[in-house]
Every structure is written in structure tokens, then in C-alpha cells.
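Q: If you read the protein sequences in the order shown, they are chains A and B. Numbering of the first sequence is given in the working numbering, commencing with residue 438 and proceeding in unit increments. Numbering of the second sequence is given in the working numbering, commencing with residue 386 and proceeding in unit increments.
Keep in mind the hints are simulated off the structure, nothing from the lab. Please note: incorrect hints may appear among the correct ones.
Said to hold, decoys possible - A few chain B residues that face chain A, going by a derived Cβ cut-off under 7 Å, partial list only:
#, residue
1, R409
2, Y410
3, V447
4, V593
5, L594
6, V597
7, M645
8, I646
9, T673
10, H681
11, I706
12, A709
13, H710
Where a beta carbon is used, it is the ideal one built from N, C-alpha and C, also for glycine.
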Amino acid sequence: MTGAERTRDFEIYAQGDAALSVRFISDITDDTHRRVMNLWRAVEARRLEFVVECVPAFTSVTIFYDLKQLHTHAAKSNAAPLEYLVLELQNIVAHASDTTESNTGKIIEIPVCYDDDFAPDMMRVMMHRNLTREQVVTLHTSTAYTVFMLGFAPGFAYLGGLPPELHTPRLDEPRLRVPAGSVAIGGAQTGVYPLATAGGWNIIGRTPLALCDFTRTPPTLLDAGDTVRFISITRREYEHQEHRRAVR
Amino acid sequence: MKLKIIKAGVQATLQDAGRAGWRRYGVARGGAMDEYARRVANIIVGNDEREAAVEITLGGFVARFENEALIALGGGEVEAMINDDACNAVWRPVFVERGSTLEVRRCVTGARVMLAVAGGFHLEPILDSHSAMLHADLDRLPARALRGNDELVLREMNRTNKRLLHSVKSTPKLIGDKAKMLSSSSSHIAATWRVSDKITPRYSYSPVLRVVRGREYELLNEASRAAFFDNEFYVTKQTDRTGSRLRAATMINLSEPDEMISEAVTHGTLQVTPNGELIALQAEHHTTGGYPRAAHVITVDLPLLGQIKAGDTVRFRETSIEQAHELLMARERAIAEVKHRVSLI
């Protein structure tokens with residue numbers, strides 16, 4: 438009924454009449470992330486006229502299509518638009534590299550000040566995990582994180598790879614407004630709030646970097662497939678860099 | 386040439402065809418809640434159909450035209466005035482004299498009405514679009530909502546705009562009942578023609594929205610699956626440009642709780658929340674979501690979805706994607722026909 442096709446370890450299904458998703462049947466893993474990235478890049482590389490855009494997520498890629506254009510292409514093959522698109526995608530999935538390609542994303546270093554003033558939930562994390570402040574900071578800055586996807590707000594990146602020693606449940610009551618640049622931990626994930634939005638994660642620091650700038654293309658610092666490292670900086674260094682971060 | 390906003394009312398924003406192409410950065414496509422009204426109102430004043438229009442929400446909107454202008458309202462029934470005369474003309478272009486004040490007092494059927502002005506608006510694009518970005522924390526137009534005292538600069542009219550303006554302006558003067566019926570007065574003249582009801586969405590206080598099933602529809606328990614297509618859903622006060630919360634007499638629940646891995650979602654998606662309500666995603670929805678998706682409103686009915694207001698009731702009727710595609714193609718043909726007829730005036 439939804440045009441779902443289940444083959445091997447992925448499914449293709451419609452999301453309404455203007456989008457289609459390819460979803461790998463898997464938990465959130467680095468391996469599946471690589472498959473998602475490979476598929477995403479393969480679809481983009483085909484430069485199909487009827488594809489408006491292609492959005493990667495943890496375990497899926499969603500293709501937004503233009504019906505008028507799709508209709509024209511499908512008519513040439515005497516196929517119904519949806520049927521035509523599903524076949525195209527199945528073809529692309531079959532040929533997209535399944536092997537672990539080297540990551541072509543960027544490596545981004547994000548400076549973070551973990552000072553008390555910027556870390557209202559640091560104590561909560563310390564107590565939940567029985568760690569000192571220094572240990573929290575060392576653990577948080579010791580890993581290379583993978584950007585699985587962006588969502589929820591412009592420039593908000595879902596990062597994979599948070600050390601299990603730092604996993605801390607979300608706040609019981611989300612804050613109505615968290616400062617832009619807040620670095621936080623939510624469950625098994627970590628991320629940075631690019632804009633002052635509502636937020637339910639544990640804030641442990643703040644970055645002076647602008648993660649979102651609508652006067653530039655692309656408008657966000659991070660993109661799916663990038664690698665992120667956090668670097669601890671002093672309050673002084675934070676203030677020196679802060680003027681760079683105004684939402685524009 | 387300027388349009389001065391005197392009162393923005395409940396909410397007024399600038400909307401063009403939206404900014405597709407940036408979803409993967411977490412940037413919503415945005416654009417008009419009633420995209421049909423935005424396109425057609427622009428076409429009937431001679432603008433390019435991608436032009437920005439003012440999206441007026443619920444009412445209380447007052448604006449003054451510094452120069453004579455050709456304007457059109459698109460949407461459901463409205464209560465509007467030009468200077469002190471009633472002008473409830475929707476779907477027909479209206480010539481207004483220099484210095485005229487337009488007041489949209491109330492959107493009667495439907496929450497929003499689109500105001501198109503011949504020539505279009507001169508605006509600084511954001512990511513190639515003139516649509517608002519209400520959640521971007523930007524204090525400039527077109528990102529933020531309009532405020533009283535804002536002055537919108539209108540661009541030079543093109544040949545089509547001028548031809549239409551002249552045509553409407555020279556509509557023979559009518560007197561008595563006919564003039565009243567067609568909303569003409571000393572300071573404004575409405576065209577004698579309008580876009581046919583046959584091709585405009587069926588605006589109503591209780592619209593029926595056609596949907597296709599979502600992937601997670603099968604996860605709903607039996608009672609919920611039946612209730613989904615049988616019940617009336619009440620539109621709660623939590624309704625805005627990002628989404629609308631809907632509540633039925635029967636709660637909509639899954640047969641067992643399911644933690645879904647987040648993925649990109651679409652405009653028109655009907656998400657099931659843990660407390661048994663639905664969230665209908667609107668034009669500026671968050672780009673990704675993890676709630677189960679019961680169904681998706683089809684593209685041709687998105688204007689109806691965008692026009693719901695608190696207190697309305699909606700019903701869902703199931704259709705197929707094939708049928709949805711045919712309806713969409715038929716609508717495109719209808720819009721092309723409007724363009725063609727306008728070019729002959």
C-alpha cells in the first residue's frame with residue numbers, strides 16, 4: 438500500500454506522494470552510516486533531473502522528487518512514475534559501493550569552553566557517571582565523532598561515538614531556550630545547538646564558532662559524513678573568538 | 386513604490402515558492418501554507434508564479450499602498466475592506482487607487498489568505514528564497530514576521546502586470562447592486578472575472594484531507610486503524626507554521642511502543658505522538674523526526690491542511706499514490722490554463 442519493497446536488508450517505501458525513502462534494516466552503526474553515505478553520494482552523482490534533494494539520516498536516505506519531471510521520464514519508459522523511481526533506486530542501491538569507502542567528509546575541530554558559566558549541567562553528568570570535571574572533559578575531547586545527520590534545527594548535527602562513560606539521560610524538563618553554541622549530551626548522543634532553540638540535552642560547554650550562517654552556502658559548518666573533534670579552550674580564548682559567532 | 390504595513394495582525398510573513406535543496410542541513414523548505422493560493426494569486430495579477438506574496442494569518446492586517454496597484458487575495462472567504470468599502474473579492478484582481486488602505490479583518494473559512502501585488506516585492510534573498518525563516522533567529526526580512534511600520538518595496542511592473550492593471554482599471558463603471566456584488570467602489574475596482582470554484586481547493590471548517598498510508602500505519606492497534614479513517618479530528622490551539630496538533634475522541638496508539646530511528650520527514654506527514662494525538666507537519670516543519678508516521682496528506686490537499694485553524698475538524702480519506710499523482714498533474718494543468726487565460730486578457 439505504501440509501495441514498500443523489501444529486498445535483502447533494506448526497504449524502499451513512499452512517504453506520501455512526493456518522497457521515497459531507502460532504509461537499511463539496522464541499528465545505528467558506523468557500518469550502516471557508511472552504506473548510507475555511499476548511497477547518498479551515488480544518488481547525487483546520478484544528477485537525476487527529477488530529484489529535488491536527497492537527505493541522509495542515521496539508517497536511511499530520503500529522496501524528494503518533482504512529479505512533473507518524474508512523469509516525463511517515466512512516460513518515456515512507459516512506466517508509472519512511482520514504479521519508475523523505485524526501479525531506479527533499486528538499481529542505484531545495487532550498484533552503490535557496499536564496501537567501506539574512505540570517508541570523504543571534512544574533519545572539523547570545534548573549540549569548546551567547558552567553564553562552569555557555560556556548563557549548567559556538568560554537575561549532573563559528573564554525578565550520573567561518577568566522574569570528575571577533568572575526566573568528563575578528557576573523555577569528551579578524546580574521540581573523533583562522526584556526523585550521522587543534521588536535523589531538528591538548521592546546523593544541528595547528530596554525532597556518533599560518544600564514549601559510553603559519558604552517556605547521560607536527557608533532562609526531565611527541556612529548557613525553553615538554550616544559548617547558541619551550547620555543547621550538550623543527550624542519552625548516547627552529543628551535539629551542539631547552533632541556534633538558541635528549546636533543548637533537552639545536558640549542557641556541558643559552549644563553542645564560540647558559528648555553526649550556522651545563512652549568508653553562506655552551504656549554510657552550516659557541518660554536513661553528514663564529516664568528522665568532528667572537540668578541543669578544550671580557556672575562557673579567555675573563548676571571549677577572543679566569540680565575536681566570530683553572530684547568527685547572520 | 387511601497388507597501389506600508391500598518392498592522393501585521395496575528396501573523397503576517399512573506400512567502401515565495403520556498404527554499405528546497407537545504408533539508409540535509411536541517412533547513413526547512415518553508416514557503417506558503419497554501420501554495421496553491423500563493424501561485425494563483427500571483428498569476429492573476431500578472432506576476433511570475435514563484436513571486437513572494439504576503440501570508441496573512443487569521444486577520445487584523447492593515448496596509449497602505451503608496452501608489453496605485455493591482456492586487457489579489459487567494460484563499461477562503463474573507464472579511465476585507467479597501468478604505469471604507471467592503472472588498473471581499475477573492476480570486477479576482479483588484480485595482481486600488483494611490484494611497485488606499487487594505488484591511489483584512491478576518492479570514493473566515495481558512496486560517497490564511499495570500500496577498501499578491503503586481504510587480505512583486507524587492508527583497509534580499511536568504512538561501513535563494515524570499516520565504517520567511519521564523520526559527521532562524523534572524524531579525525531581518527524576509528526571515529522574520531512582518532511588523533507594523535515595515536515598508537515593503539515593490540518592484541517595477543512588467544508588461545503583463547501593466548496590461549492587467551489597465552484592463553481592470555478600465556472595467557466599465559457599474560452601479561447599484563451589481564457594483565456592490567462585484568465589490569467596486571470609488572477607490573477600488575474588482576475585475577469582473579475570477580478563478581473558477583471548480584479548480585480551487587474546497588476550503589471549509591471541516592475539510593476532508595486525502596492521505597496515503599505511512600510506513601508505520603501497520604503498527605497502529607486495530608481500534609486506532611479504524612478510528613483513523615472514521616473519526617473527526619479536532620484542531621487544537623497548538624497549530625502554527627511548523628505543525629498542527631490534532632485530537633480525536635479515540636486516542637491513536639501503536640499496538641506496542643516503538644522507538645523509531647529518526648529520518649527525514651515530509652510536509653503533510655501525520656505523526657503519532659505518545660499521548661495519542663497526531664501532529665500534522667506543516668510548511669516549516671523540522672526536517673527530521675522519530676515519531677511513527679500513520680499517513681501523509683497528499684500534495685494537492687496540502688493547501689487545505691495549511692488552512693486549518695484551532696476549532697476546525699478534519700477527516701482523512703485514504704487514496705493511492707497513483708491517484709494522488711493524477712490529481713497533482715490535473716491541478717498543474719488547471720493552473721497552466723489559468724496562466725493561459727490571463728495571457729489573453
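Q: Should the hint that T673 (chain B) touches chain A count as held when the rule is a Cβ pair under 7 Å?
A: Because about 3 Å separates T673 (chain B) from the closest Cβ in chain A, which is inside the 7 Å limit, the hint holds.
Q: Against chain A, is I706 (chain B) within 7 Å by beta-carbon distance?
A: Cβ of I706 (chain B) sits 5 Å from chain A, so the hint holds.
Q: Report holds or violated for the interface hint on V597 (chain B), using the least CB-CB distance to chain A and a cut-off of 7 Å.
A: Since the shortest Cβ distance to chain A is 6 Å, the answer is holds.
Q: Please check whether V447 (chain B) passes as an interface residue: C-beta within 7 Å of a C-beta belonging to chain A.
A: Violated, about 30 Å.
Q: Please check whether M645 (chain B) passes as an interface residue: C-beta within 7 Å of a C-beta belonging to chain A.
A: Nearest chain A Cβ about 10 Å off; hint violated.
Q: For the restraint on Y410 (chain B), tell me whether the closest CB of chain A is nearer than 7 Å.
A: Hint holds; Y410 (chain B) Cβ to chain A Cβ min 5 Å, cut 7 Å.
Q: Go through the hint on R409 (chain B) and say holds or violated, using the shortest Cβ distance to chain A against 7 Å.
A: Constraint on R409 (chain B) satisfied, holds at 5 Å.
Q: Measuring from the C-beta of I646 (chain B) to each C-beta in chain A, is the shortest one below 7 Å?
A: Hint holds; I646 (chain B) Cβ to chain A Cβ min 5 Å, cut 7 Å.
Q: Against chain A, is V593 (chain B) within 7 Å by beta-carbon distance?
A: This interface hint is violated because 17 Å lies over the 7 Å limit.
Q: Quick check on the hint: H681 (chain B) CB to chain A CB, less than 7 Å?
A: holds, 3 Å
Q: Identify whether the interface hint at A709 (chain B) stands, where standing means a beta carbon of chain A within less than 7 Å of its own.
A: Constraint on A709 (chain B) satisfied, holds at 4 Å.
Q: Against chain A, run the beta carbon of H710 (chain B) and see if the smallest gap drops under 7 Å.
A: holds, 6 Å
Hint violations for this structure: numbers 3, 4, 5 and 7, all remaining hints satisfied.
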